[in-house]
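Asker: For what it's worth, this note's numbering labels the leading residue of the sequence shown as 2, then goes sequentially.
There's no promise every hint is true.
Each computed DSS-like pair below joins lysine-lysine, with the alpha-carbon atoms no more than 27 angstroms apart [unchecked claim]:
#	residue 1	residue 2
1	K104	K58
2	K6	K104
3	K35	K86
4	K82	K6
5	K6	K67
6	K104	K68
7	K43	K58
8	K40	K67
9	K104	K35
10	K6	K35
11	K6	K58
12	K35	K68
13	K68	K6
Derived CB-CB ranges, DEER-like [to be verified]:
#	residue 1	residue 2	range
14	Y44	M2	34 to 44 angstroms
15	T93	G42	35 to 45 angstroms
16	T21	N100	16 to 26 angstroms
17	E91	K67	16 to 26 angstroms
18	Y44	N100	26 to 36 angstroms
19	A15	F56	14 to 24 angstroms
20	Q92	R20	29 to 39 angstroms
21	K87	K43	12 to 22 angstroms
22	F62	D84	11 to 21 angstroms
These are computed hints drawn from the structure, not numbers from a lab.
Don't be surprised by glycine CBs; every beta carbon is placed ideally from N, CA and C.
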Amino acid sequence: MYSNKVTLIGFTGADAEVRTNNDRSLTTLSLATKSSYKKDGKYIEHTEWHRCVVFGKLGEFAATLKKGAHIQVEGELRSRKYDSKKTNSEQTIWEIRVNSILKLDRAQKAAAEDEDESTEEEAA
2 MYSNKVTLIG
12 FTGADAEVRT
22 NNDRSLTTLS
32 LATKSSYKKD
42 GKYIEHTEWH
52 RCVVFGKLGE
62 FAATLKKGAH
72 IQVEGELRSR
82 KYDSKKTNSE
92 QTIWEIRVNS
102 ILKLDRAQKA
112 AAEDEDESTE
122 EEAA
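Put together the whole structure using the sequences plus the hints.
Answerer: The following block contains the structure:
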């Protein structure tokens, strides 16, 4: 038995990009995740960038995501090779083939709206 499942929670680094090849469209997302550790009494932060590829109806939804969206993606880690014109050699890239996206920033926006309403009510 095998399992290849990845779950990432982070922020998009740019607006989603849509590409079409032979009547098949795909959406790519750049997702940033952060981790930190303590070294010599100071916290060191590390940002990891993940290339996410989304197909089909989910790709249409992903195409609406803008820079800074807080999302959770689930999918499978995949590698693929291509010939790089820059280095004149074969390169391998790793990407997440996404099968689920959950938008997480709705609650933050709702909380901010509640705060705005209470401020307006207090002013009145």
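Asker: Next step is simple, just say for each hint if it's right about the structure.
Answerer: The hints, checked one at a time:
1. K104 / K58: holds (16 angstroms)
2. K6 / K104: Given pair K6, K104 holds - Cα atoms ~19 angstroms apart, limit 27 angstroms.
3. K35 / K86: Between K35 and K86 the Cα gap is close to 31 angstroms, so the pair fails against 27 angstroms, i.e. violated.
4. K82 / K6: Given pair K82, K6 holds - Cα atoms ~21 angstroms apart, limit 27 angstroms.
5. K6 / K67: holds (25 angstroms)
6. K104 / K68: holds (13 angstroms)
7. K43 / K58: The given pair, whose Cα atoms are some 45 angstroms apart, is violated under the 27 angstroms limit.
8. K40 / K67: This hinted pair is violated, its Cα atoms lying about 34 angstroms apart.
9. K104 / K35: Satisfied, since the Cα-Cα distance of roughly 18 angstroms is no more than 27 angstroms.
10. K6 / K35: holds (19 angstroms)
11. K6 / K58: Answer holds: K6 to K58 is near 20 angstroms, not above 27 angstroms.
12. K35 / K68: holds (16 angstroms)
13. K68 / K6: Judged against 27 angstroms, a Cα distance of about 25 angstroms means the pair holds.
14. Y44 / M2: 34 to 44 angstroms: holds (39 angstroms)
15. T93 / G42: 35 to 45 angstroms: holds (38 angstroms)
16. T21 / N100: 16 to 26 angstroms: holds (20 angstroms)
17. E91 / K67: 16 to 26 angstroms: violated (34 angstroms)
18. Y44 / N100: 26 to 36 angstroms: At roughly 34 angstroms between Cβ atoms, N100 and Y44 fall inside 26 to 36 angstroms, so the hint holds.
19. A15 / F56: 14 to 24 angstroms: Cβ of A15 to Cβ of F56: about 19 angstroms, so the range 14 to 24 angstroms holds.
20. Q92 / R20: 29 to 39 angstroms: The hint (29 to 39 angstroms, Cβ to Cβ) is violated, given that Q92 and R20 are roughly 18 angstroms apart.
21. K87 / K43: 12 to 22 angstroms: violated (36 angstroms)
22. F62 / D84: 11 to 21 angstroms: violated (32 angstroms)
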